[in-house]
Amino acid sequence: MDALERLRALCLALPEVTERPSHGEPTWFVRGKKTFVMFADHHHDDRLAFWCAAPPGAQGELVAEDPERFFRPPYVGHRGWLGVYLDVEVDWAEVTEIVADAYRQIAPKSLIARMP
1 MDALERLRAL
11 CLALPEVTER
21 PSHGEPTWFV
31 RGKKTFVMFA
41 DHHHDDRLAF
51 WCAAPPGAQG
61 ELVAEDPERF
71 FRPPYVGHRG
81 WLGVYLDVEV
91 DWAEVTEIVA
101 DAYRQIAPKS
111 LIARMP
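Letter 74 of the sequence shown, counting from 1, is numbered 74 in the UniProt record's numbering, and no numbers are missing.
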């Protein structure tokens, strides 16, 4: 399974998540309205990655800790969103947690309570 398919499976496993293109890339929404993860297939540079909502302080901590795997994405980085490279060795258990945290930042409490 390639990186997009794995990311898609993680996102779509969460309650009331839908996918549709946004800015030419696969993007996942809570209840069809609020974005929580965006795929980035060489859209703004030559790297494969995704951008996601992140808890306060997570972006700075992860980028400082491992800039080979994490970055501040354009357009949404100023809001604390996190960029995660997918063209490096990916820790999919960690990505699962990052996606779940992104969902928790955007979804209403009623949906968070239904998370697997």
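The hints are simulated quantities; they were obtained by calculation from the structure and are not laboratory data. Be aware that one or more of the hints could be misleading.
To be verified - Taking lysine to any residue and the SDA-like style, the derived pairs with C-alpha atoms no more than 25 angstroms apart in a straight line are: (1) K34 <-> R104; (2) K34 <-> P74; (3) K109 <-> A13; (4) K34 <-> H78; (5) K109 <-> V95; (6) K33 <-> E89; (7) K33 <-> E61; (8) K109 <-> A3; (9) K33 <-> V76; (10) K34 <-> Q105; (11) K34 <-> E94; (12) K34 <-> I112; (13) K34 <-> A9; (14) K34 <-> A3; (15) K109 <-> P74; (16) K34 <-> R114.
Stated by the list, open to error - The calculated label-pair distances, taken between Cβ atoms and stated as ranges, are: (17) R104 <-> E65: 27 to 33 angstroms; (18) R31 <-> Y75: 21 to 27 angstroms; (19) S22 <-> M115: 30 to 36 angstroms; (20) L12 <-> H42: 21 to 27 angstroms.
We treat Cβ as the ideally placed atom computed from N, Cα and C, and that holds for glycine.
Cross-check of the supplied hints:
no.: 1; hint: K34 <-> R104; result: holds (12 angstroms)
no.: 2; hint: K34 <-> P74; result: holds (18 angstroms)
no.: 3; hint: K109 <-> A13; result: holds (17 angstroms)
no.: 4; hint: K34 <-> H78; result: holds (17 angstroms)
no.: 5; hint: K109 <-> V95; result: holds (22 angstroms)
no.: 6; hint: K33 <-> E89; result: violated (32 angstroms)
no.: 7; hint: K33 <-> E61; result: violated (28 angstroms)
no.: 8; hint: K109 <-> A3; result: violated (29 angstroms)
no.: 9; hint: K33 <-> V76; result: holds (17 angstroms)
no.: 10; hint: K34 <-> Q105; result: holds (10 angstroms)
no.: 11; hint: K34 <-> E94; result: holds (23 angstroms)
no.: 12; hint: K34 <-> I112; result: holds (14 angstroms)
no.: 13; hint: K34 <-> A9; result: holds (18 angstroms)
no.: 14; hint: K34 <-> A3; result: holds (22 angstroms)
no.: 15; hint: K109 <-> P74; result: violated (28 angstroms)
no.: 16; hint: K34 <-> R114; result: holds (17 angstroms)
no.: 17; hint: R104 <-> E65: 27 to 33 angstroms; result: violated (21 angstroms)
no.: 18; hint: R31 <-> Y75: 21 to 27 angstroms; result: holds (22 angstroms)
no.: 19; hint: S22 <-> M115: 30 to 36 angstroms; result: violated (23 angstroms)
no.: 20; hint: L12 <-> H42: 21 to 27 angstroms; result: holds (23 angstroms)
Hints 6, 7, 8, 15, 17 and 19 from the list above are not met by this structure, while the remaining hints are.
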